[in-house]
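K.L.:
Residue numbers (this note's numbering), protein chains in the order written: chain A, 67 to 768; chain B, 10 to 175.
Errors might be hidden in some of the hints.
Facing chain B, a subset of chain A residues (Cβ under 7 Å, in silico) [what the hints assert, rightly or not]:
hint, residue
1, ALA207
2, GLY334
3, HIS339
4, MET342
5, THR348
Hints in this document: simulated from the structure, not taken from any laboratory.
No experiment lies behind these values; they were computed from the predicted model shown.
Where is the CB? At the ideal position from N, CA and C, for every residue including glycine.
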Amino acid sequence: MTNLRRRWQRYRRQNRFLIGLYVLLLLLAGGAYALFSRMAGLPPEDLTNRLLIFLLWWFDLTLIAILLFILLRNFLKLALERRYGILGTRFRTKLLLSYLVLIVVPTGLLFLLSAALLSGAATAWFSAPVEGMVRAGVEVADGVRTEAEARTQRAAQVIASRLGAIPTQPARLTELERLHALMGNHLTGLLREGIPVVELVDPRQRLLERIPPLAPEVFKADGVRGERFGGTLVVRAWKRAPDGSVVMVGEALPENLVRAQSRLAAGGVAYEHLKMERPTITATVVLGFGGLALLVAFGSIWLGLYLSRRFTAPLLALAATTQRVAGGESLEQVPLPAEDEVGMLVGSFNSMVLRLRERDEELQATVRRLDTVLGAVRTGVLTLDAGRSHVRGNPAAAAMLGVPELARGLMALDNLSAAGLPRLVEPIRTATGPVRGSLTVYPGGVARHLEMAIVPLGMVENPEGWVVALEDLTQLLRAQRQAAWSEVARRIAHQIKNPLTPIRLAAERMARHSERASPDLKDVVSQGCSAIVEHVQAMQEMVNSFSRYAKMPPLARRPVRLGELARQVVTLYQDVREGLRVELSDRSDGREVLLDPEQFRQVMANLIDNAVEASPGGGLVAVAVEWQGAEVVVTVTDEGHGLPVEDEELLFQPFYSTKGRGSGVGLAMVQRIVTDHGGTVHLEANQPCGVRAVVRIPGGLE
Amino acid sequence: MILAAILLAAAPLPELKVELKPSPGRLEVQMTVQRELPSEWVEALKAGAPVSVTYRMRLYRNRHFLWDQRVAGHELVVKAQRDTLTGVMSLSAELDGEILASRQVDSLEEAIRYVVHPPPSDIAIPLRVEPLWLFVRAEYLTRYKVLVFPYTIGTDWVQLAVPESQ
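Turn these sequences into a full structure, and let the hints steer you where they fit.
P.N.:
What follows is the structure in structure tokens.
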């Protein structure tokens with residue numbers, strides 16, 4: 067497609083060029099025809115001058131037109147490119163303007179200077195001394211001829227007057243010969259009716275014997291005439307005598323003199339001719355200079371444009387490539403323009419592109435491996451952008467949450483809320499740092515218990531993104547629940563079996579005494595019944611405890627001053643045993659916390675109860691309430707015999723007791739209530755003896 | 010009457026006087042320049058340089074509702090050159106490149122008289138349908154403005170209606 071378009075554009079360009087060439091030739095042919103038809107009658111010299119002027123004008127005008135076209139085209143193109151914001155336009159505009167100023171100003175100045183110099187030189191050629199000299203030469207030639215004319219006229223007049231006084235023809239001829247010799251004339255003649263009667267020629271001027279006669283009509287009046295003949299100037303003057311005859315006297319000027327005069331005259335004529343043509347010569351040379359200046363300007367501008375294109379093209383290609391890369395397109399190399407500095411720059415860029423490509427490929431491979439790993443792991447992973455507006459997940463997360471679109475690509479986080487996962491979205495949106503927690507979601511109506519960890523990428527203050535790891539604990543919890551129920555069943559059986567044995571033994575004892583009709587029967591029955599009742603009551607208490615644990619009511623939170631609540635509970639244990647002190651340290655500053663007071667009262671009672679039970683020898687049970695950051699912390703410390711706190715998890719399991727009596731649900735209930743409040747509880751050894759129970763409840767009220 | 014005579018005397022003569030004598034299919038044009046020739050032209054003639062005066066004649070047909078159509082163009086070139094050796098002036102008149110007349114005179118005044126009042130030109134005129142106009146001008150020299158822009162020194166164009174032949 068691209069190749070076809072390129073061929074079409076090339077065809078259009080060629081076509082335009084051919085049409086332009088055709089029109090140009092047509093105009094040239096028409097112009098030449100008009101010119102030659104107008105100049106058909108001109109002498110060759112004028113024709114040459116006009117043709118030269120015409121050609122120079124044509125040359126100059128063509129160059130001006132081409133220059134204007136190139137400049138206008140480039141400026142128009144640059145203006146359009148600037149309007150459309152094409153890269154590099156400002157640089158090329160500056161370059162073009164700089165070239166223009168650098169070329170046009172010196173060329174124009176040079177042209178003006180040349181024209182002024184030429185005009186001055188032409189004026190100097192035709193200066194007054196030269197012109198005076200030429201005029202003087204012409205005047206000398208005129209003077210010599212005029213002098214010869216005057217001499218011959220005077221001689222003719224003298225001879226005519228002398229002959230007029232002589233009556234006879236022979237005497238006249240004799241006198242004519244005498245005067246011819248006496249006056250030293252080159253030619254003396256006597257004519258009648260225009261026909262020579264006698265012609266006397268100086269033997270040294272035999273040339274005059276061949277000179278053609280003058281036309282008879284010229285002799286109607288006196289006159290003089292100079293003629294070129296035989297390489298010299300012959301001046302002939304004639305005078306009419308009273309008898310009607312005409313006396314003619316001729317003189318041939320010396321050949322050397324005439325030759326010098328001819329040269330002077332030719333020089334004068336040439337000078338005058340040149341003077342007449344001076345404006346044409348000046349115009350021709352100025353036009354020639356103008357054409358040369360325009361040619362230089364044209365060549366320079368063309369070269370400047372070519373060089374600017376050549377210089378800027380690789381830079382623009384480089385910039386365009388970087389822009390495309392910045393816009394998200396794939397990395398590509400720029401063709402190397404030359405082995406210069408620009409070439410080095412382009413080469414460095416290409417090397418960088420190669421390295422980046424390698425890095426990109428490595429990154430792609432890593433991403434592929436990561437995708438494979440994330441696709442294979444059972445942990446659900448969600449990734450979010452920094453703004454937490456879009457999310458994508460691995461197949462495990464998509465399956466866990468029942469949103470297949472998560473594994474296909476980015477989707478809006480709001481869509482997860484719309485998919486019935488607001489409990490997942492809410493902590494993701496509000497997390498300000500690493501968060502861990504658990505939640506239950508219901509994809510497809512089936513409950514899934516998830517352990518969730520939200521972690522920011524990079525710095526916590528300004529994260530680059532967020533990662534959410536989801537662990538599906540449904541199967542694990544089910545297994546744990548089954549195990550717990552098994553344990554519960556075992557412990558219930560154990561707890562029930564313990565009182566059953568003494569009951570069975572009491573019943574058997576009473577039966578034996580009854581068979582033997584033992585006199586102690588009454589006492590035995592009384593003792594047996596007491597034992598049976600005692601153990602049945604114990605079983606009743608145990609069953610009630612199970613019932614309470616199983617039927618834990620829902621939380622009824624309200625703002626409570628925990629310090630006050632603790633004081634009420636601690637008061638119940640004052641003087642509960644000899645030598646035992648139960649003391650409260652309230653550092654809660656009266657701040658309120660949102661919790662269920664009845665259930666939390668039970669928590670504190672259980673913990674204090676355990677502490678009292680663990681201190682049979684007395685001592686101190688210290689209860690403390692204080693705030694640590696956003697948490698309220700309640701600690702109950704005793705100085706008793708202690709507990710194996712390393713088995714803390716076991717201690718919090720229901721129906722586990724180290725006391726050998728009781729139901730074993732106290733600590734289990736404590737943990738359950740605290741967990742329901744979003745808090746934590748753990749046991750630690752107190753130094754030097756005893757145990758410290760620490761309860762942390764988040765979220766106080768200001 | 011006196012005032013009219015004064016005004017007539019004061020009125021400048023036309024630069025170029027043209028007299029037309031029509032005959033069937035022909036027109037005789039007699040042109041006379043009634044002002045002095047440029048001094049440099051005369052000086053050049055005196056110095057022996059070949060000089061000329063070109064009389065341009067253009068015949069137009071006056072058409073209704075259309076621009077005037079040029080039907081013919083003629084040039085009468087009157088050349089003069091003085092032989093500085095003999096002082097003789099050679100004169101010739103060429104109509105459209107063909108010699109119409111030539112002669113030699115001995116004085117500058119005679120030569121100038123011949124140049125400003127050349128022999129009449131006999132030109133052909135087309136068959137008349139619309140009125141014909143003749144435009145005539147005399148040109149002496151070519152000069153250049155601002156060194157390079159050519160212009161011609163000469164008379165203004167004179168426009169005459171070509172009369173019907175009797």
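K.L.:
For every hint, state whether the structure bears it out.
P.N.:
A quick look at each hint next to the structure:
1. Because the smallest distance between the Cβ of ALA207 (chain A) and any Cβ of chain B comes to about 5 Å, under 7 Å, the interface hint for this residue holds.
2. At its closest, the beta carbon of GLY334 (chain A) sits 5 Å from a beta carbon of chain B; the interface hint therefore holds under the 7 Å criterion.
3. Contact between HIS339 (chain A) and chain B, as hinted, is supported at the beta carbon level, the nearest pair being about 5 Å apart and thus within 7 Å.
4. The interface hint given for MET342 (chain A) is met, as the beta carbon of that residue sits about 5 Å from the closest beta carbon of chain B, less than 7 Å.
5. Proximity of THR348 (chain A) to chain B holds as hinted, the smallest CB-CB distance being about 6 Å (cut-off 7 Å).
In the structure shown, no violation is registered for any of the earlier numbered hints.
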